[in-house]
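*Asks:* So you can see what is in the structure, the chains are spelled out below.
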Amino acid sequence: MIGFRLSAERPPDPRRINDVVVQRLDHVYEVDPELMRDHIQQHDFPAWDTRRIVDSRWEHLAWMHAHWADSVVSGEELISTEE
Amino acid sequence: MTSTLVTDPVIDELVAICGPDNVFADRSSRVNRARVPAPFPVHRWAEHVPDVVVLPTTAEQVSEVVKLANRHRIPVVPRAGGTGLTDGAVPLRHGIVVDVKLMNKILEIDLDDRTVTVQPGINMLKLNEELQQYGVIYPDDPASYPCSLVGGRIGTSGWSLIGGRYGHTRDLVISFQIVLPTGELIWVGDGGGRKVRKSSTGYQLKHLFMGHQGTLGIVTEAVLELVPRPEAEFAAFFSYPDYETAWRSTGALAKSGLATLAGVVLFDEWKLDYLRRDDEAYIPQPDDVRCVVATAMYGTTDEVRPGAKRLMRIGKDTGGAYLGDEISQGDWASRHDRYATPLHGRLRDGQVVPMSWHCEDASINWSQLPQVRREWHEIVARLGDNFRIFDDWGMFAYTNAAFKPWGDYLTEIDVGIWEQELDDAAWDAWVTAKRDIAAVAIAHGGSISACHGACRAGEVDLVPEELGGGWDVMKKVKRVLDPLNIMNPGKYLLDEAYE
Ligand SMILES: Cc1cc2nc3c(=O)[nH]c(=O)nc-3n(C[C@H](O)[C@H](O)[C@H](O)COP(=O)(O)OP(=O)(O)OC[C@H]3O[C@@H](n4cnc5c(N)ncnc54)[C@H](O)[C@@H]3O)c2cc1C
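Residue numbers (the UniProt record's numbering), protein chains in the order written: chain V, 1 to 83; chain P, 1 to 499.
Derived from the structure by calculation, the hints contain no laboratory data. All values reported here derive from a predicted model rather than from experimental measurement. Glycine included, each C-beta is placed from N, C-alpha and C at the ideal position. You can take every hint at face value.
Covered stretches of chain P, going by a simulated chain V footprint (3 or more residues, C-beta under 8 Å): (1) 227-234; (2) 279-293; (3) 316-325.
Listed next, the stretches of chain P that the computed footprint assigns to chain V, with coverage defined by at least 3 CB atoms under 8 Å from CB atoms of chain V: (4) 298-312; (5) 350-361.
One side of the interface only, derived from the structure: several residues of chain V facing chain P at Cβ under 10 Å: (6) I17; (7) V21; (8) R37; (9) H39; (10) W68; (11) V72; (12) L78.
Using the sequences provided together with the hints, build the complete structure.
*Replies:* Structural data, given as C-alpha cells:
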C-alpha cells in the first residue's frame, strides 16, 4: 500500500492570471507570492488542503441557501425560457 | 490599568448574585472583552480592560448586578456578540462587563400569534436552525448573522440585508424586557401587550430603548416576529460599465413595485478594483465590469419566479449584464463572510500586509449617493497619502428603508487598516477622517450611521449637530433614567448630561 506522499501533493507551478494573481489549481486564485515578500511569511500548502478548503466553502454556500429557503431560482434558466 | 472600585468584597457580592462559575476576574477573560472588531487603538488596549466580567443567566441576576453597581457607583457595560462596530461594548471606564452569552435560551415558540420569545444571548443563525422545523424564520439578516446576538441587535438597532422586504431589527422585535439603569425590570413594546405589533397607548418606548448602545439598560428577554420560511430565493448580480448607469438602475429597481425584492446593493468602482485583486468571483471579470448591482428576492415560488423574470428585464433594460448563476448565487450566499475574510490589504507599492476590515456607514438618500461617494473617497485617499497603513476597499450602498427598496441607502466605505502599525499620529488621523466622513453625511441631509451607531471617537462629535434639539432631550432622558451615570458611561458624549 502506498501511503500519503507529500511530493504528490505539491501543487503545480503557478500560471499568471493578471498583475497580482496566479493560479495553480482550477478555480483557485492566489495572491502573487512576489507580493507577499516583505511583510507576510509564507509556508507550503499541500494541494489536498487547498482542495479541502475549497470543497468546504462550496458546502457552506449550499448550506446557506438551504438555511434560508427551500429552493433557489436560477437566473440563467429564466433567461433561457424568456428567449 | 483598572479602576479601584471593584474590590474583593464587590466580587464576593457578584459571586453571591451570579454564582461562582459565572464571575471572572482573571486577565484573559477581561482582556478579551476589552475590544470589538472595529479598528482599535491596540497600542492603548489596557485603557479599556474591565475589572470583572459576569455571565448572568436570569433577568433577576442582571437586575441585582445593576443595583449593586449603583450602590458602589461602578460602571456597567452590556456585551452580547462583541461584533459592534462603534465600540458600544468597549468598557471605556472599566467596571463590570455583563456578558449575556449564557442567556441564550428559546423560551417560547408561538405559532398562533407568530412570535418567538428568547433570551438576549441567542444568535439568529442558531435560532433559525431551531425554527426551520416549524416552517418559520426570524429574518434579521445582518452581515454578522453568524456571530451577533439578539441583545446586541437591540442595543444597536441593527440593519438587515433583507430589510427591504422584512424590516430591520426595530421592526422585527415586537417587545422586550429591559433592566433599567437603576435596576428595575420593565417591558416595553408598542403599548403593553407583549405580542402586539401596533398600539396607540402611551409613549412609544420601544424605540427609545433600542439603539442606545447599552446606555439605557440591559435587555433580558425579547419577543420576536416569525415570518413564513421562504419557499424560494432568487439572487441576481448585474455588471455595469460605469457608476452613473449602475446607480440609475437602482432607481429603476426602487420603482419596480416588486414586493418580494428584499435588498439591492450597489458596488462602486473602488469596490470592484478591490474585489478584482483579491476575490475569486471578480478576478476573472473583464475590464468593462466596473460596477455591480446585486439584488435578492424571497417569498413563495409563485411570487418569486414571475418577480424574478421582471427583475431580470429591468437589469437588462438599464444596461446591466447578468453575471451568471455561479456568481449571483454564490456571492449572495457569501454575504455574511465577505467582510470578515479579507485578512490582508495592500501598501501602495502592491505588497501585501495584514489588515483588518473597517467600515464607516451612513444613511444617505439615493439622490445624494454619487456626490457622497466622491467626497468619501477623497477623504480616504488623503488618509492613505499620509499613512501607508490605510487602504481604500471601496463602497457598497444597500437599500436601507424597511419593507421598501427606495428612499435611502446604507452607504458604507470599507477601509483596510494595518492595526499593528497604529500609533497616536495615525490614530488621530483616522479619527479625523471618521469625523470628516460623518460631516459629509450630515451635509448631504443624511444620518451619521445606518446600522452601527455613532458613539465612537470622531463621528460622535457631530451627533449634537445631527440631532439638534433632540440632543438636549437625549441628555435629559439619560440623566433621569440613569442618575448616577452607571450604564456604559463615556459613550455618546453623554457625560455632558451631568455637567
Ligand atoms: C463582519 C461584520 C458584519 C456586520 N454587518 C452588519 C450588518 O449587516 N448590519 C448591522 O446592523 N450591523 C452589522 N455589523 C455590526 C454588528 O454586528 C451589529 O452592530 C450587531 O447588532 C452587534 O451585535 P452584538 O451581539 O455583537 O453586540 P455587541 O457588540 O456586544 O454590543 C453592541 C451594543 O449593544 C449593547 N448591548 C449588548 N447587549 C445588550 C443588551 N442585552 N441590552 C442592551 N444593550 C446591549 C452593547 O453595550 C453595545 O453598545 C457587522 C459587524 C461585523 C463584525
